[in-house]
Amino acid sequence: MIINSYRFAAAGGGIPRDNLIAEYLFDTDASDTSGSATTHNGTLIDNASVSSGVVSLDGTGDYVAVTDDDDLSFTDGAGTDEAFSISMWFKSTVAVSAQNLVTKGNFGGDREYQFQTLGGGNAGKLALTLYNSTSPTSNYIFAIGTTAYTINTWHHVVVTYDGSEAGTGIELYFDGSNDTATQAGAGTYTGMGNTTDNLVIGTRFSVGTSGVSFTGDMDNVRIYKDKELTASEVTDLFNEGHD
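Under our numbering, the first residue of the sequence shown is numbered 1158, with each subsequent residue one higher.
Think of the hints as simulated: they come from the structure by calculation, not from any bench.
Worth double-checking, as some hints may not be accurate.
As the list claims (entries may be wrong) - Label-pair distances were calculated between CB atoms; the ranges are:
| # | residue 1 | residue 2 | range |
| --- | --- | --- | --- |
| 1 | Thr1303 | Gly1368 | 19 to 29 Å |
| 2 | Ile1308 | Gly1368 | 32 to 42 Å |
| 3 | Asp1215 | Ser1363 | 17 to 27 Å |
| 4 | Ala1252 | Thr1195 | 30 to 40 Å |
| 5 | Ala1388 | Asp1203 | 12 to 22 Å |
| 6 | Gly1265 | Asp1203 | 13 to 23 Å |
| 7 | Thr1237 | Gly1398 | 14 to 24 Å |
| 8 | Gly1365 | Asp1226 | 18 to 28 Å |
| 9 | Asp1184 | Thr1392 | 41 to 51 Å |
| 10 | Thr1237 | Thr1185 | 29 to 39 Å |
Unchecked claim - Taking lysine to aspartate or glutamate and the EDC-like style, the derived pairs with C-alpha atoms no more than 20 Å apart in a straight line are:
| # | residue 1 | residue 2 |
| --- | --- | --- |
| 11 | Lys1382 | Asp1226 |
| 12 | Lys1384 | Asp1186 |
| 13 | Lys1248 | Asp1319 |
| 14 | Lys1384 | Asp1215 |
| 15 | Lys1382 | Asp1189 |
| 16 | Lys1382 | Asp1215 |
| 17 | Lys1384 | Asp1319 |
| 18 | Lys1248 | Asp1225 |
| 19 | Lys1248 | Asp1186 |
| 20 | Lys1382 | Asp1225 |
| 21 | Lys1382 | Asp1393 |
| 22 | Lys1382 | Glu1322 |
Just so it is clear, CB atoms sit at the ideal spot from N, CA and C, and this is done for glycine as well.
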């Protein structure tokens, strides 16, 4: 296994580490290596396994669970959102389809955010949806990307949000380039809820049952709070590569 020198580089010439709230490199497990004030270690669920610096998920109940904490909710729950960014590498081993990457909330009720690839007419394209604290199924903002992932191929993906409470505040990046196609919303969006649900990597939960899960490998999952990554910082993350 080759460790890229970018991985532990300081901000300003490698991986941006300011406002990094959680980091999962999967070198040996799902430990949080961000160095933030509060550690948010992940737990491998079901058959999720770590080997050769990546986590492998089989799409049938595998995921990484991170215990709920206000650090992982990007809002006060009362109408004031905060900026955040999520960066990761993934390699899907199934054809382009809807799969959840990073989510938080109960998708049978209250929900916060959903970073995923879509199905249907947008199959394989990135999307981020932020759900309103009340009537989330009717009130939300979202962005959809342009490019569908390729099966059995590593891709670097990033989503950023500026906290503006508008779909135009969401940007998607695919393999180092801005990939945002649609920025929109539905109903009246006045800020995400702050639920007590765990953050999960590789699935989403609806009334206690996981579904629309990811199949394949993931690496270098990073979550930033109060930070909208710049295009230059996304380039730094893309240039890091993965193990």
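Against the structure, test the hints numbered earlier, and report the numbers of the ones violated in rising order. Violated: hints 2, 5, 7, 9, 12, 13, 14, 16 and 18.
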